[in-house]
Amino acid sequence: MTSVPASAGWRFKAPSVIPGFGLTLGFSLAYLTLIILIPLSGLVWRTASLGWTDFWTIAFDRRTLKALEISFGTALIAAAVNVVFGTIVAWVLVRYNFPGRRIVDAMVDLPFALPTAVAGIALTTLYAPNGWIGALLAPLGIKVAYTPLGIIIALVFIGLPFVVRTVQPIMEEIDKGVEEVAATLGATRFQTVWRVLFPGLSPAILTGFALAFARGVGEYGSVIFIAGNLPYVSEIAPLLIVIRLEEYDYAAATAIATIMLTLSFAMLLFINLVQAWSRKRYG
Amino acid sequence: MEVRVAHVRKEFDRFTALRDVSLDIRSGELIALLGPSGSGKTTLLRLIAGLERPTKGAIFFGDEDASLKTVQERNVGFVFQHYALFRHMTVAENIGFGLKVRRHNRPPDAEIRRRASELLDLVQLTGLEKRYPAQLSGGQRQRVALARALAIEPRVLLLDEPFGALDAQVRRELRRWLREIHDKTGHTTVFVTHDQEEALELADRVVVMSQGRIEQVGTADDVYDTPNSPFVFSFIGESSMLPVKVEKGEVWIADRAIGIAAPDTPDGEAVLYFRPHDIELLEGSGGCIAGTVAASRRVAGTRHVELEVGGDRQRVELEIPTSHPASEKTRIAFRPKKWKLFPAAG
Chain A
1 MTSVPASAGW RFKAPSVIPG FGLTLGFSLA YLTLIILIPL SGLVWRTASL
51 GWTDFWTIAF DRRTLKALEI SFGTALIAAA VNVVFGTIVA WVLVRYNFPG
101 RRIVDAMVDL PFALPTAVAG IALTTLYAPN GWIGALLAPL GIKVAYTPLG
151 IIIALVFIGL PFVVRTVQPI MEEIDKGVEE VAATLGATRF QTVWRVLFPG
201 LSPAILTGFA LAFARGVGEY GSVIFIAGNL PYVSEIAPLL IVIRLEEYDY
251 AAATAIATIM LTLSFAMLLF INLVQAWSRK RYG
Chain B
1 MEVRVAHVRK EFDRFTALRD VSLDIRSGEL IALLGPSGSG KTTLLRLIAG
51 LERPTKGAIF FGDEDASLKT VQERNVGFVF QHYALFRHMT VAENIGFGLK
101 VRRHNRPPDA EIRRRASELL DLVQLTGLEK RYPAQLSGGQ RQRVALARAL
151 AIEPRVLLLD EPFGALDAQV RRELRRWLRE IHDKTGHTTV FVTHDQEEAL
201 ELADRVVVMS QGRIEQVGTA DDVYDTPNSP FVFSFIGESS MLPVKVEKGE
251 VWIADRAIGI AAPDTPDGEA VLYFRPHDIE LLEGSGGCIA GTVAASRRVA
301 GTRHVELEVG GDRQRVELEI PTSHPASEKT RIAFRPKKWK LFPAAG
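Going down the list, the sequences are from chains A and B. First residue of the first sequence? That's 1 in UniProt numbering, and the numbers climb one at a time after it. First residue of the second sequence? That's 1 in UniProt numbering, and the numbers climb one at a time after it.
Any given hint might turn out to be false.
Result set (SDA-like, lysine to any residue): computed pairs, CA atoms no more than 20 angstroms apart in a straight line [as the list claims (entries may be wrong)]:
#	chain 1	residue 1	chain 2	residue 2
1	B	Lys100	A	Lys280
2	A	Lys280	B	Thr226
3	A	Lys280	B	Gln72
4	A	Lys176	B	Gln72
5	B	Lys69	A	Lys280
6	B	Lys130	A	Arg195
7	B	Lys130	A	Ser278
8	A	Lys280	B	Ser137
9	A	Lys176	B	Arg53
Every beta carbon over 10 angstroms from chain A, so not counted as near; a handful from chain B, in silico [to be verified]:
#	residue
10	Asn75
11	His88
12	Glu173
Rather than coming from a laboratory, the hints here were simulated on the basis of the structure. Please read these numbers as outputs of a predicted model, since none were measured by experiment. Just so you know, even glycine gets a beta-carbon here, dropped at the ideal spot from N, CA and C.
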């Protein structure tokens, strides 16, 4: 716990006995600049050369808007699905001991390691109307492959480990006494989970959500196989960027990229602020 | 609320934590479960709370068999050593939690708030409703935990090493304060501690436990002055012991009678227990225990000496006045003023 007096005010460098502040800050900034800032500002700079009118035309092109909507919409839904099921998976892994627990635990990381194209092809084979699962769903009138639903499934697959791996360590640290106290106070199991445990996990869940969402927005490899890539229906923004590039329309590609960048940054910033707020409250 | 523990046995896998424990707790009593770690005191407390189920036996609240009820239905207040406060709730929300989760006769929010601030007054934390647990000191957190337990009007209040995580000064302060709260509210209270000073000072009666059994139940005077087993004698307060022999109603060390009569003790090997400070120093050599000083330390107002007694150089500790000119190799003769004989183990 830090206990900085409120009256201390803002200072450039908090006095600290740990040396190396200047060195490490300098290194971090230089590194971030090289790896992230320069490429991204190149992107913005390239877009800026386009001029406002052209930019607006590209940005508000119906196909662009639709692609962005699909990208962000499916990523949001997939992240939301992952929050629910990822938290349940983490809970099972942390709370119960069963044969094969370690194997399941290791399996969670597979989406990290698997080439995304492999995942995309595997999912497409399964969910295509003549695939194992697709064949079962087809009679019910549910089409998965080549629809936004397919995109969501691919993104759920890709995003799962982000939620599990952020929530799991926090879950392991839950003090058993807190649950027991809630029980002695008369709380049912559901009330304990919902009112006591869940709020404690919410910052971690939010982080997991943000990571899964960010990954989903940027995902390309697995989606293009299962999505079918019909313009206005199941075409994602990253694919549209690639299409524009193949048409040598670099200006349009960078413009869409800049919009994605801005939207992603705004959403991640918002999530970060929510987190900072909740951390400040709960310590 | 009277609590009766009847022939309770508790096993964890192959480990037996409690063996046939019976205990009657009177209504409104403040009782301490005292024992070393692994003695089963916390297990007994958790069984009363309903956080564990007995392998055998039953626990009664009044005439009602509480072992048939779940934790939620028992209506007990439980306080943990590490507070177990809800981090994301304010102090007031923590205290009001037990009322808020009620299904039946849940009081209105305004009433819950009023009750929380009333309890904060009781635990002397007036005005801290809006704080979060992270913003409180250890002692304050434990007060909040107690207020939270009291909020549900528990039938029994159970405290598991409530002051264990606090430093010595806060501990003493909270001890006195807990006694006051108890006298004010009159809840039947059971607390677990391994600190005998805490148990003796705070509790109406002390339950001394060892290895899953209750060794003795009694007031501070009872367990200190008339311990009923070698364990209780050596666990409570300072004690010294010497292996002796009983013959013809007299106590012998090697071939010397030490001037202690033991008419009711059967002949044979025995162990003599006494308090190191409860002795008289003697001159001469007859009818006393004699030995040479092996080590001596000054401790506060007295001097502790280690004496080697008899041919097999059994060491015993004594407290003597600082004015006594004892140094190493000095011969000291003494006789305990009060003592207790227990048959030799095995």
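Looking back at the numbered hints, which does the structure fail to meet, lowest number first?
Of the numbered hints given earlier, those the structure breaks are 1, 2, 3, 5, 10, 11, listed in rising order.
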